[in-house]
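J.: Chains as they are written, first to last, in this note's numbering: chain A, 1 to 114; chain B, 1001 to 1113.
Hint data in this document are derived by calculation from the structure and do not stem from the laboratory.
Think of the CB as a built atom: it goes at the ideal place given N, C-alpha and C, for glycine as much as any other residue.
Some hints here could point you the wrong way.
Unchecked claim - Selected chain A positions facing chain B (Cβ under 7 Å, derived; list incomplete):
{"id": "1", "residue": "GLY42"}
{"id": "2", "residue": "LEU43"}
{"id": "3", "residue": "GLY53"}
What the hints assert, rightly or not - With the C-beta cut set under 7 Å, the calculated list includes, among others, these residues of chain B facing chain A:
{"id": "4", "residue": "PRO1040"}
{"id": "5", "residue": "GLY1043"}
{"id": "6", "residue": "LEU1044"}
{"id": "7", "residue": "ALA1086"}
{"id": "8", "residue": "PHE1090"}
{"id": "9", "residue": "PHE1103"}
{"id": "10", "residue": "GLY1105"}
Claimed, not checked - Restraint ranges, calculated between C-beta atoms of paired labels, are given here:
{"id": "11", "chain 1": "A", "residue 1": "PRO61", "chain 2": "B", "residue 2": "SER1039", "range": "22 to 32 Å"}
{"id": "12", "chain 1": "B", "residue 1": "GLN1002", "chain 2": "A", "residue 2": "LYS71", "range": "21 to 31 Å"}
{"id": "13", "chain 1": "B", "residue 1": "LEU1046", "chain 2": "A", "residue 2": "LYS57", "range": "19 to 29 Å"}
{"id": "14", "chain 1": "B", "residue 1": "SER1039", "chain 2": "A", "residue 2": "PRO8", "range": "12 to 22 Å"}
{"id": "15", "chain 1": "A", "residue 1": "LYS57", "chain 2": "B", "residue 2": "ALA1029", "range": "16 to 26 Å"}
{"id": "16", "chain 1": "B", "residue 1": "GLU1066", "chain 2": "A", "residue 2": "GLU95", "range": "18 to 28 Å"}
{"id": "17", "chain 1": "B", "residue 1": "SER1084", "chain 2": "A", "residue 2": "GLY53", "range": "35 to 45 Å"}
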Amino acid sequence: NAGVTQTPKFQVLKTGQSMTLQCAQDMNHNSMYWYRQDPGMGLRLIYYSASEGTTDKGEVPNGYNVSRLNKREFSLRLESAAPSQTSVYFCASSERTALNNEQFFGPGTRLTVL
Amino acid sequence: AQSVTQPDIHITVSEGASLELRCNYSYGATPYLFWYVQSPGQGLQLLLKYFSGDTLVQGIKGFEAEFKRSQSSFNLRKPSVHWSDAAEYFCAAAPRAGNMLTFGGGTRLMVKP
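All chains, please: the whole structure from these sequences, using the hints.
T.: Listed below in structure tokens is the structure:
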């Protein structure tokens, strides 16, 4: 059981370049999430997918797109990277029941945009 | 607006000393509450959670947290800190009718030998 996996672990981009961050979970969870973590600001939700086939904006969606490829995989795309998107990105998943909001996190992707 | 506040950005304690990390939330109704720990270079790991019932919650690694409705707080405690507890700690909350976590800004714990 790998839990939540993310690729790549590190990435450096130039301003304007595009890239896709990959996330997969093997816990058969319905919901998946993308967060960014910036110093002193905790984790902020970018996008989430409550179930396969649905995606919704979180707190900071501008500059990002997502795809829920199937139940296991949820990718985050930066179409034209900007220095303000330098951050650590975490993917998470949860069962999404009324009584269980526990989220399981991947190890993160550290992205630098020059 | 729903929010979670961790008033202390940094805390330093001596090894063996007791620890309390503060967390306050602002929600219309009592949310689900969580504490996560993030070791350097790692993802977040759940320490404990509160849904209902007993207001003193036991977690992993010897941590506990107490829910106080009157103070809108969910403070994390440990009686005796170990050097391996040095990490960043995040309090989080989720509304009972939804599924989105809101995180506090985090508290970085340093442990002096």
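J.: Are the hints correct? Go through all of them and say.
T.: These are the hints, each one checked on the structure:
Contact between A:GLY42 and chain B, as hinted, is supported at the beta carbon level, the nearest pair being about 4 Å apart and thus within 7 Å. With a least beta-carbon distance of about 4 Å to chain B, the hint placing A:LEU43 at the interface is held under the 7 Å criterion. Nearest Cβ of chain B to the Cβ of A:GLY53: about 16 Å, over the 7 Å cut. The hint is violated. Taking 7 Å as the C-beta contact cut-off toward chain A, the hint placing B:PRO1040 at the interface is violated, the least distance being around 11 Å.
At a threshold of 7 Å, the smallest CB-CB gap from B:GLY1043 to chain A is about 4 Å, leaving the interface hint in force. Evaluation of the B:LEU1044 hint against chain A yields a held restraint, the C-beta minimum of about 4 Å falling below 7 Å. At a threshold of 7 Å, the smallest CB-CB gap from B:ALA1086 to chain A is about 17 Å, leaving the interface hint violated. With 7 Å as the threshold, the beta carbon of B:PHE1090 comes within range of chain A, its nearest partner Cβ sitting at about 6 Å, so the hint holds.
Of the supplied interface hints, the one on B:PHE1103 holds, with its beta-carbon coming within about 4 Å of a beta-carbon of chain A, less than 7 Å. Using the Cβ-Cβ criterion of 7 Å, the hint placing B:GLY1105 at the interface with chain A is satisfied: the shortest such distance is roughly 5 Å. At roughly 29 Å, the beta carbons of A:PRO61 and B:SER1039 sit within the given window of 22 to 32 Å. Between B:GLN1002 and A:LYS71 the beta carbon distance is about 28 Å. The supplied range of 21 to 31 Å therefore holds.
The hinted window of 19 to 29 Å between B:LEU1046 and A:LYS57 holds, with their beta carbons roughly 25 Å apart. Restraint check, B:SER1039 to A:PRO8: a C-beta distance of roughly 20 Å satisfies the suggested window 12 to 22 Å. Restraint check, A:LYS57 to B:ALA1029: a C-beta distance of roughly 24 Å satisfies the suggested window 16 to 26 Å. Separation of B:GLU1066 from A:GLU95 is about 26 Å and conforms to the stated range, judged on CB atoms against 18 to 28 Å.
Our hint of 35 to 45 Å for B:SER1084 and A:GLY53 holds, since their Cβ atoms are close to 42 Å apart.
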